[in-house]
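Chemist: Could you slot chain B onto chain A? The hints should help.
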Amino acid sequence: MTEGDERWIARLTPPAGRDVAALLGMSLAVDVWERHVDSLVVAASAAQLAELERRGMAEVDRWATQGEYEAQVRNRAATGDGAEPGPAGAAKGGEQSDAI
Amino acid sequence: MASLIARVTSSSARSPLTRLLTAPLGLDVWEVGPDHVVLQAEEVQADRLEAMGYLVEQLQMTEPYVSAFATEAAAAGYHTVATLEQDLRRLADGHPEIAELVEIGRSVEGRPLWALRIGERRGSARKVAFFGCHHAREWISVEVPYRLAEHLLDNSSSEPVQGWLQQGEVWVAPMVNPDGHEHTRTTDRLWRKNRRRNERGSIGVDPNRNYGYMWGTLDVSTSSHVPSDQTYVGPRAFSEPEVRAVRDLVARQLIGGVLSYHSYSQLVLYPWGYTDDAIEDEADLSSMRGLAEDIQDLVKGVHGTTYVAQQASQLYPTAGDTTDWTYGEYDVPSLTIELRPASALEGGFILPADQIEPCWEENRPAALEFIRRVLAPPQG
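Residue numbers (this note's numbering), protein chains in the order written: chain A, 1 to 100; chain B, 1 to 380.
Just chain A, same shape as in the assembly (with noise of 0.2 angstroms):
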């Protein structure tokens, strides 16, 4: 896998005077898990998310690679510890989430 294949886990926020929904409305071959009110939590290549942000289509963060991710979360599950995966001060609560 090149760098560029490689997965991340984002958020998505678009530009000013644009909406969630016309990022929605884009093919924008990312992967969607969450719609919130102004953003999208999304899993794509680094090439397609620094493509988007080349564009100016969404403003990036990135949480962490999908590896990086999926350890956090069984890290998590396996201690049990209460620590939320992803980045120190993501916002929680997903009012609109993936998966239809």
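Since the hints were derived computationally from the structure, they do not count as laboratory data. On a predicted model such as this, the values are computed, not experimentally measured, just so you know. C-beta: ideal position from N, C-alpha, C; glycine also. None of the hints are false.
Okay, the calculated bits of chain B under chain A, using three or more residues with CB under 8 angstroms as the criterion:
id	region
1	182–195
2	211–222
3	309–318
Quick list of simulated restraints, FRET-style, between CB atoms:
id	chain 1	residue 1	chain 2	residue 2	range
4	B	157	A	21	47 to 53 angstroms
5	B	217	A	37	23 to 29 angstroms
6	A	19	B	217	18 to 24 angstroms
7	B	154	A	51	48 to 54 angstroms
Facing chain B, from chain A, some residues (calculated, C-beta under 7 angstroms):
id	residue
8	24
9	25
10	29
11	30
12	32
13	41
14	73
15	77
Modeler: Positioned in the frame of chain A, the structure of chain B alone reads:
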């Protein structure tokens, strides 16, 4: 950035072990002994500890350690393809007078797709179906319908279940996508689609975009025509054998109501997914929205967990999903329930096994209410 698990010791007075426990070094301490500390640290942190005078002995890299350890632990409570078949067979064998295990089709890789028919007689007029695991990584969506089947059989001699099973049939297919599920267990825990080999080398069609109502009418991230995308709708409606199996079951049995389990997010979704427009028929809209809101209340009444009832498209646009098809084609009550947890920060698709039982408990009254409504004799 790679992290590792290390055993740290010190023979130097300038670097006492107690300092590791109190200094703001950002270390994740796992074990403290009189002469050592075991901790998890990034490689750069480990280098820094050595520079501070500590002896750092790497025990293992974190990721393989956690994967090996936690996969076993976390997966312990979840079914595999094989154990699900065993358990469904056990349920059917234990209640031969009312339960029958039916192979409704085969997956892309040839695995049988199982549904349990529960009811006193074949060919009842009123039938309801529950589906799980269209999406491979959503393991909890196998467990809730499985436990529903178990509950119905365990309570088949007492009301209200006995009455329902005399009047009608309940069909439960907990794992629509066994190939994908197996792939999540062995290779990629976050795999979503089935295991179709697409043209030009990519793998997988999203089974929950492959149904034939308004199939392919969207081309967005959440319903994509690009084969490598996670929500690839497939080359045509019902191209996938897993989806055809569900189609044929619903069509042959004239199923009167469908509930499809997914995860995550704690939502109760009613059609439409393909458009922001509301269902036109006001009576249908009122009925479906009312049922979704009742389910929301029933879930909350158990453990206080909040599930939110809303139109599916409010989550995001989806063309070709199960419940748009069952409502659009057959005009029957059709809901999708997104199970625990609420967010990626709470585990997302990797729900700890100790949450299976509370998740089932809070969804049990809702599932029973869905059965009651669908199997109830028509009014008037």
